[in-house]
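Asker: Given next are the chains, with one letter for each unit.
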Amino acid sequence: MGHTISITCGRIFSWMSVIAVLVLSPPVLAQNTGATGKGALDDSCLGCHSVSGKVVDTLAKLWSRKGPDLSSAGIKYKKEWLINWLQNPVRIRPAGMFYGNHIKPGPKNDVIDESSLIKHPQLSKEEAVRAVDVLMGLKAHQERIKQGDYKPGTIPLRIGELVFDKFKGCMTCHQIEPGFGGASGPEMYTAGKRLQEDYMISFMRDPQKWEPKTFMPNKHLDEGTLQKIVHYLRVLSMEDFK
Amino acid sequence: MKPLFFILIFSALSLIAMRGAGAETAKDNYKTYCIQCHGLKGDGKGINVPDMSTQPRNHTDAKDMSSRTDAELFKVIKEGGQAINKSVQMPPWGDVLSDAEINDLVKYLHELCKC
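Protein chains in written order, with our numbering: chain G, 1 to 242; chain B, 243 to 357.
Check each hint, because a few of them may be wrong.
Claimed, not checked - Okay, the calculated beta carbon distance ranges per label pair: (1) Ile326/B <-> Met238/G: 15 to 21 Å; (2) Asn345/B <-> Gly106/G: 31 to 37 Å; (3) Leu162/G <-> Ala325/B: 18 to 24 Å; (4) Ala342/B <-> Ser116/G: 30 to 36 Å.
Unchecked claim - Taking lysine to aspartate or glutamate and the DMTMM-like style, the derived pairs with C-alpha atoms no more than 20 Å apart in a straight line are: (5) Lys61/G <-> Asp270/B; (6) Lys219/G <-> Glu314/B; (7) Lys61/G <-> Asp285/B; (8) Lys219/G <-> Asp337/B; (9) Lys168/G <-> Glu321/B; (10) Lys273/B <-> Glu211/G; (11) Lys108/G <-> Asp337/B; (12) Lys104/G <-> Asp285/B; (13) Lys168/G <-> Asp293/B; (14) Lys219/G <-> Glu321/B; (15) Lys166/G <-> Asp222/G; (16) Lys78/G <-> Glu143/G; (17) Lys273/B <-> Asp113/G; (18) Lys320/B <-> Glu211/G; (19) Lys79/G <-> Asp133/G; (20) Lys108/G <-> Asp303/B; (21) Lys151/G <-> Asp198/G; (22) Lys209/G <-> Asp337/B.
None of these hints come from the bench; they were simulated from the model.
Source: prediction; values computed, not measured.
By construction, the Cβ of each residue, glycine as well, lies at the ideal position given by its N, Cα and C atoms.
Based on the sequences and whatever the hints tell you, model everything.
Answerer: As structure tokens, this is what we get:
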């Protein structure tokens with residue numbers, strides 16, 4: 001079922017284009033005093049990541065975004081994963097933050113223009129821990145998440161894949177193994193380790209509430225399917241794809 | 243003369259407001275939501291195609307595209323492939339695009355297929 005590709009850059013702090021200055025000078029985080037929001041992260045982070053929580057309400061803004069908005073990082077990402085990822089940032093969106101900026105015609109079909117993608121800076125363990133302390137305090141739009149919305153459970157991997165791919169068509173845009181699946185959206189085989197479950201439910205239930213112009217469609221999934229997909233993503237993330 | 247001028251301006255502004263403040267051009271919407279599967283050239287060869295079980299429609303194929311009515315095209319963009327008994331891999335875009343934007347996209351498809 002799968003193929004292997006080398007995955008290089010990263011999502012959380014930037015899928016794709018991080019400006020050159022960022023690459024050349026790893027970010028130094030301001031002294032963490034427990035503050036949240038702007039001021040707690042330095043300019044090298046804020047050059048690509050917004051922490052304002054402002055709505056991306058035009059396509060121009062969507063296309064120009066260099067990294068994900070981090071204003072809700074504390075209710076979106078899993079702490080342990082963030083600490084590890086910042087020390088070894090690998091790309092999560094195969095074609096960058098907005099795939100339309102990073103593709104070109106290929107011999108059979110459009111392909112990723114790898115030369116347009118830039119790596120996220122790598123942090124030391126100390127830097128990563130300090131950054132994550134700040135990030136976990138960023139909790140904009142908490143009202144969109146209902147604590148305990150996800151009811152822990154499980155699903156056989158194959159059944160989950162049927163739901164995710166055949167019944168709902170999610171694999172069209174998302175990879176379920178390295179190199180297997182769609183390339184325009186973020187990889188899903190790491191989602192279970194990367195994202196908080198209640199966030200996943202909230203985002204899938206109404207992606208446009210989080211981001212009105214997102215190219216993640218609202219498939220109007222019923223509550224049972226939302227739960228099954230999160231079960232599946234959790235089970236999937238336990239697989240060894242190396 | 244002056245009242246007529248203001249009426250014209252007011253009408254134009256109302257029209258813009260009716261289309262919604264966030265209305266985008268069909269070309270930009272196509273670039274954002276459609277090319278991931280239908281391709282940069284609209285020929286059905288998007289970046290997501292290699293592992294798809296159903297090949298996306300070639301929007302530059304005049305013969306194929308002529309077999310669909312505008313009403314069907316509108317419906318499939320708004321409600322997704324299953325709404326016209328086609329693939330679940332074509333998602334519904336009705337929560338992202340306004341009806342006016344979808345109508346503009348239908349017109350844009352006619353430009354692509356030259357039909």
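Asker: Next step is simple, just say for each hint if it's right about the structure.
Answerer: So, going through the hints one by one against the coordinates:
no. : hint                              : verdict
1   : Ile326/B <-> Met238/G: 15 to 21 Å : 38 Å, violated
2   : Asn345/B <-> Gly106/G: 31 to 37 Å : 32 Å, holds
3   : Leu162/G <-> Ala325/B: 18 to 24 Å : 21 Å, holds
4   : Ala342/B <-> Ser116/G: 30 to 36 Å : 33 Å, holds
5   : Lys61/G <-> Asp270/B              : 12 Å, holds
6   : Lys219/G <-> Glu314/B             : 19 Å, holds
7   : Lys61/G <-> Asp285/B              : 27 Å, violated
8   : Lys219/G <-> Asp337/B             : 9 Å, holds
9   : Lys168/G <-> Glu321/B             : 13 Å, holds
10  : Lys273/B <-> Glu211/G             : 17 Å, holds
11  : Lys108/G <-> Asp337/B             : 32 Å, violated
12  : Lys104/G <-> Asp285/B             : 13 Å, holds
13  : Lys168/G <-> Asp293/B             : 15 Å, holds
14  : Lys219/G <-> Glu321/B             : 9 Å, holds
15  : Lys166/G <-> Asp222/G             : 16 Å, holds
16  : Lys78/G <-> Glu143/G              : 18 Å, holds
17  : Lys273/B <-> Asp113/G             : 16 Å, holds
18  : Lys320/B <-> Glu211/G             : 18 Å, holds
19  : Lys79/G <-> Asp133/G              : 9 Å, holds
20  : Lys108/G <-> Asp303/B             : 17 Å, holds
21  : Lys151/G <-> Asp198/G             : 9 Å, holds
22  : Lys209/G <-> Asp337/B             : 10 Å, holds
In terms of the numbered hints stated before, the structure departs from hints 1, 7, 11, listed from lowest to highest.
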